[in-house]
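Colleague: As you go down the protein sequences, you meet chains C, F and Y in turn. Each residue of the first sequence is one higher than the one before, starting from 1 at the first, in my numbering. Each residue of the second sequence is one higher than the one before, starting from 1 at the first, in my numbering. Each residue of the third sequence is one higher than the one before, starting from 1 at the first, in my numbering.
Do not rely on the hints blindly, as some may be mistaken.
Now the in silico label distances, taken between C-beta atoms and shown as ranges [said to hold, decoys possible]: (1) F/Val70 with C/Glu46: 25 to 35 angstroms; (2) Y/Glu127 with F/Val70: 40 to 50 angstroms; (3) Y/Pro152 with C/Gln89: 20 to 30 angstroms; (4) C/Ala27 with Y/Gly103: 44 to 54 angstroms; (5) C/Ala27 with F/Thr91: 26 to 36 angstroms.
Rather than coming from a laboratory, the hints here were simulated on the basis of the structure. We put the CB at the ideal spot given by N, CA and C, even for glycine.
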Amino acid sequence: MNPQISAFGMAFLFILGGIVLVLLGLAVASLLRPHRPNVEKLAAYECGEEALGSVWGQFNGRYYVIALIFVLFEVELVFLFPWATVFGQKELIEITEGRWGWFSLVEVWLFIGILVLGLAYIWAKGHLEWLKPQPQDTDYQSKIPAKAYERINRTYQKNKT
Amino acid sequence: MQIPLENILILSAFLFCIGLMIMITKRNIVVVLMGIELILNAANLNLVAFSQYDAEKLQGQVFALFVMVVAAAEAAVGLAILLLVYRHFKTANLDQISKMKG
Amino acid sequence: MVLLLFYFFCFLIVVSAFLMLLTRHILYAAFLLLLTFLGIAALYALVGADFLAVSQVVIYVGGVLVLLLFGIMLTHQPVGGQPSAAPQTESRNLWWGALTGIGFFALLAQVIYKADFTSKAWIVSAESQKRLLNNSSIPHLGANLMTHYLLPFEIIAILLLVALVGATLLASRKS
């Protein structure tokens with residue numbers, strides 16, 4: 001075996017190979033299998049509601065902000081893994097008489113703090129808020145007075161207790 | 001048994017050219033962004049391939065890591081601009097977005 | 001064995017990148033891009049960059065590709081509610097594109113074979129001294145990030161901050 005591939009790299013290659021082989025199997029199967037669709041087979045549900053319209057709807061733009069924040073924090077997370085492997089290394093801490101630990105801890109707090117600042121800014125400015133449609137008031141006057149509803153509520157409350 | 005360096009370089013040149021062709025021929029903004037990602041990946045592949053001869057400092061790998069982060073930031077901002085463009089022009093086709101001061 | 005794996009993933013990358021160029025469906029292109037990214041991650045693992053292989057999967061497959069899919073779904077308007085109104089893209093400048101791509105590839109390939117990198121002095125010395133990577137590169141990378149590359153490391157945080165605030169302000173309708 002090649003000594004250049006680390007033990008973890010080998011495991012990773014196995015995972016990737018597994019994913020790719022499953023995809024290859026699906027691709028080959030789609031080439032070999034018969035393709036005879038009819039209306040019943042193509043229906044979304046075999047029984048129950050008939051599906052209406054197209055699946056290719058347009059999504060709301062507000063989802064994008066959430067995805068964006070997720071991706072940027074994920075990118076930041078990637079940098080924490082190499083830091084975590086050296087942060088507590090005994091030799092490094094002993095060589096520097098304990099300064100290494102504090103040094104790297106402060107660095108990473110700074111690193112995270114800068115991005116959290118951005119999140120706080122967005123939050124404070126209200127970009128994370130989900131804009132809901134406002135319920136609209138109508139000027140419709142009901143003929144039944146509000147008292148009638150209260151009386152019904154009271155009688156039912158009494159019956160319960 | 002070592003992977004020949006030339007093969008990796010040729011592969012990355014191939015990826016670069018495919019990305020270039022996608023950028024030139026396709027007309028949808030998202031697909032053009034995909035071409036840009038392919039080009040960045042080709043550059044990364046070169047950096048990592050040369051980095052195996054620099055086991056002390058790993059300059060190539062660190063550089064590739066930074067390129068990845070910049071690519072993620074670029075995709076985020078690029079797609080935000082795409083959203084704005086789409087709201088204004090109601091299309092994501094580059095040929096139809098030809099007016100300035102729309 | 002390793003060479004076989006290398007050629008297998010090379011084949012995967014080449015085929016999926018080429019199909020990406022040919023297909024008209026944007027979603028197919030996105031999934032072929034996923035295959036390409038996975039193949040490149042495997043190549044990283046093969047040349048000894050195991051941490052980069054994982055971050056390739058995390059950043060590109062888990063991050064950038066998700067954003068691209070969002071971009072597709074957010075900007076696609078189905079025509080008349082037809083069931084087969086999948087997002088597609090047009091192509092232009094086919095001849096110029098092919099000419100540029102093939103010409104550039106020929107140029108690059110010629111340069112690579114002429115330059116003869118494997119006989120460069122520093123690569124030969126690195127190979128002869130067996131200073132190649134032989135175990136996980138993660139602790140090495142971590143120590144380097146904390147010392148040699150400290151300034152870029154912090155600047156990355158600022159870049160991410162700028163991208164976060166800027167892209168959110170652009171994308172959200174409130175501004």
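Colleague: Next step is simple, just say for each hint if it's right about the structure.
Modeller: Structure-based check of each hint:
With their beta carbons about 48 angstroms apart, F/Val70 and C/Glu46 fall outside the hinted range of 25 to 35 angstroms. Here the CB-CB span from Y/Glu127 to F/Val70 is close to 31 angstroms, at odds with the stated 40 to 50 angstroms. As the Cβ distance of Y/Pro152 to C/Gln89 is approximately 22 angstroms, the hint placing it in 20 to 30 angstroms holds. At about 32 angstroms, the beta-carbon gap between C/Ala27 and Y/Gly103 misses the expected band of 44 to 54 angstroms.
Our hint of 26 to 36 angstroms for C/Ala27 and F/Thr91 holds, since their Cβ atoms are close to 33 angstroms apart.
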